[in-house]
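> Chains as they are written, first to last, in our numbering: chain Z, 1 to 97; chain C, 1 to 97; chain V, 1 to 97; chain W, 1 to 97.
One or more of the hints may lead you astray.
When chains are identical, the list treats them as one kind, so a pair holds in a single copy or across two.
Lysine to any residue pairs mimicking SDA-like chemistry, simulated, CA-CA at most 25 angstroms apart [stated by the list, open to error]: (1) K95 x A64; (2) K60 x M9; (3) K95 x D40; (4) K60 x G14; (5) K52 x R27; (6) K52 x A83; (7) K52 x D82; (8) K60 x D17; (9) K60 x A10; (10) K52 x A79; (11) K60 x R27; (12) K52 x V85; (13) K60 x A79; (14) K95 x G81; (15) K60 x R80; (16) K60 x T8; (17) K52 x R39; (18) K60 x P13; (19) K60 x A18; (20) K60 x G81.
Since the hints were made in silico from the structure, they are not lab data.
Below are the chains, spelled out letter by letter.
Protein chains: 4
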Amino acid sequence: MAEATDCTMALDPGVRDAARQRLASVRGHVEGIVRMLERDDVYCVDVLRQLKAVSGALDKVGDAVLRSHLHHHVTNAQARGDADVIVDELMDILKYR
Amino acid sequence: MAEATDCTMALDPGVRDAARQRLASVRGHVEGIVRMLERDDVYCVDVLRQLKAVSGALDKVGDAVLRSHLHHHVTNAQARGDADVIVDELMDILKYR
Amino acid sequence: MAEATDCTMALDPGVRDAARQRLASVRGHVEGIVRMLERDDVYCVDVLRQLKAVSGALDKVGDAVLRSHLHHHVTNAQARGDADVIVDELMDILKYR
Amino acid sequence: MAEATDCTMALDPGVRDAARQRLASVRGHVEGIVRMLERDDVYCVDVLRQLKAVSGALDKVGDAVLRSHLHHHVTNAQARGDADVIVDELMDILKYR
Chain Z
1 MAEATDCTMA LDPGVRDAAR QRLASVRGHV EGIVRMLERD DVYCVDVLRQ
51 LKAVSGALDK VGDAVLRSHL HHHVTNAQAR GDADVIVDEL MDILKYR
Chain C
1 MAEATDCTMA LDPGVRDAAR QRLASVRGHV EGIVRMLERD DVYCVDVLRQ
51 LKAVSGALDK VGDAVLRSHL HHHVTNAQAR GDADVIVDEL MDILKYR
Chain V
1 MAEATDCTMA LDPGVRDAAR QRLASVRGHV EGIVRMLERD DVYCVDVLRQ
51 LKAVSGALDK VGDAVLRSHL HHHVTNAQAR GDADVIVDEL MDILKYR
Chain W
1 MAEATDCTMA LDPGVRDAAR QRLASVRGHV EGIVRMLERD DVYCVDVLRQ
51 LKAVSGALDK VGDAVLRSHL HHHVTNAQAR GDADVIVDEL MDILKYR
């Protein structure tokens, strides 16, 4: 099983399911902020707090995907022969993270 | 009009409308990533790139709200008499930003 | 005393002293990493951990200076009449923070 | 030579030299801010700008060390047999980065 995952570059199925569920919840959170912004008495700082909470939730999804990527696709890149590309695209994503 | 806005602590109407529209677009972007995660061949790095784009879009919304808050509610806090609270809640939001 | 500070745009003396002492300690920490990098068996991750610790220490200095700036110079900017400049330079600093 | 580097966990010599030189310059920059903080008319925002510049310089050093670590020690971790440890310590460093 691990073998099969290691051979492809697809996101690990378990991580993918968890990420999808968390993102569905993030979408709900964003919808909540959109509704919040329909009220003409909404306080700036409350909006900023909600945006920060959503960013934190996105970061958690990203951390899980990144960990899986490191485990399944980065730690074996020399053996697979694409280490240069793998490192370049990783550095690009980590910039300003 | 500016006067009225300065007297209340509500988010500026123009900024609020723009934020709502941008967030509706963020919600669509998140939905796109949820669908992307339904494909069993999705590549980790493509997901990470999309998550980063969404984070960037959220930051832009946050920047606009923050700028408006600074302009309408922070720069007059001493006159209004709630400077301590205003600074505390601002520092709390800016932490780990 | 607070009055005097509020009239000028100088950094509060107490915050300034504390910042100088903390930064002197940051300089010592950086020197330690420079020496660490003279060893040919230094491990990448140990360097990254030290760099992260220094960044965290710098952020603490920045937070103290920012809090003081908000308190003494931003919350009274409308009364002083330079709110636009104050907000612009603040947003510029907070970008990518 | 590259072989030798790949077998050990030491930071690549070229990257190490460059990092040491950049950090020596960062130390000088920090000393400059310490001196700046001795002036009683120093402006908060000027300090914040300098701190931000130092943080940016530290990030560049960190990026170079991270890239080297990914290239020499992470992309071959499965072959070496320490992938779990390598991924754990990497995720720990990237948190709140």
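> Hint by hint, say whether it matches the structure.
Taking the hints in turn, this is what the structure says about them:
1. Within a single copy, K95 and A64 get their C-alpha atoms as close as 18 angstroms, and across copies as close as 12 angstroms, so both meet the 25 angstroms cut-off.
2. For a Cα distance limit of 25 angstroms, the shortest separation of K60 from M9 inside one copy, 21 angstroms, qualifies, whereas the shortest one across copies, 29 angstroms, does not.
3. Proximity of K95 to D40 under the C-alpha cut-off of 25 angstroms is found in neither arrangement, the shortest distances being 37 angstroms within a copy and 27 angstroms between copies.
4. Taking the shortest Cα distances, K60 and G14 sit within 25 angstroms of each other inside one copy (15 angstroms), while across copies they are farther apart (32 angstroms).
5. For a Cα distance limit of 25 angstroms, the shortest separation of K52 from R27 qualifies both inside one copy, at 14 angstroms, and across copies, at 15 angstroms.
6. For a Cα distance limit of 25 angstroms, the shortest separation of K52 from A83 across copies, 22 angstroms, qualifies, whereas the shortest one inside one copy, 35 angstroms, does not.
7. For the identical chains of this complex, K52 and D82 are inter-copy neighbours only, at 23 angstroms across copies versus 36 angstroms inside a copy, given an alpha-carbon limit of 25 angstroms.
8. Only within a single protomer do K60 and D17 lie at most 25 angstroms apart by alpha-carbon distance; the minimum there is 14 angstroms, versus 29 angstroms between protomers.
9. With identical chains, the CA atoms of K60 and A10 are at most 25 angstroms apart within one copy only, with a shortest distance of 19 angstroms there and 31 angstroms across copies.
10. Taking the closest pair of Cα atoms, K52 and A79 never come within 25 angstroms of each other, the shortest separation being 40 angstroms inside a single copy and 28 angstroms across copies.
11. Within a single copy, K60 and R27 get their C-alpha atoms as close as 14 angstroms, and across copies as close as 17 angstroms, so both meet the 25 angstroms cut-off.
12. In this assembly of identical chains, K52 and V85 lie within 25 angstroms of each other by CA distance solely across copies; the values are 19 angstroms between and 32 angstroms within a copy.
13. Taking the closest pair of Cα atoms, K60 and A79 never come within 25 angstroms of each other, the shortest separation being 29 angstroms inside a single copy and 29 angstroms across copies.
14. Taking CA atoms no more than 25 angstroms apart as the test, K95 paired with G81 passes inside one copy only; the shortest distance there is 24 angstroms, against 28 angstroms between copies.
15. In the homo-oligomer, the alpha carbons of K60 and R80 never lie at most 25 angstroms apart, since the shortest distance is 28 angstroms inside one protomer and 29 angstroms across protomers.
16. In the homo-oligomer, the alpha carbons of K60 and T8 lie at most 25 angstroms apart inside one protomer (24 angstroms), although the nearest pairing across protomers, at 32 angstroms, exceeds that limit.
17. Within a single copy, K52 and R39 get their C-alpha atoms as close as 19 angstroms, which meets the 25 angstroms cut-off; across copies the closest is 29 angstroms, which misses it.
18. In this assembly of identical chains, K60 and P13 lie within 25 angstroms of each other by CA distance solely inside one copy; the values are 17 angstroms within and 32 angstroms between copies.
19. For the homomeric pair K60 and A18, the shortest alpha-carbon distance inside one copy (11 angstroms) is at most 25 angstroms, but the shortest distance between copies (27 angstroms) is not.
20. Proximity of K60 to G81 under the C-alpha cut-off of 25 angstroms is found in neither arrangement, the shortest distances being 30 angstroms within a copy and 27 angstroms between copies.
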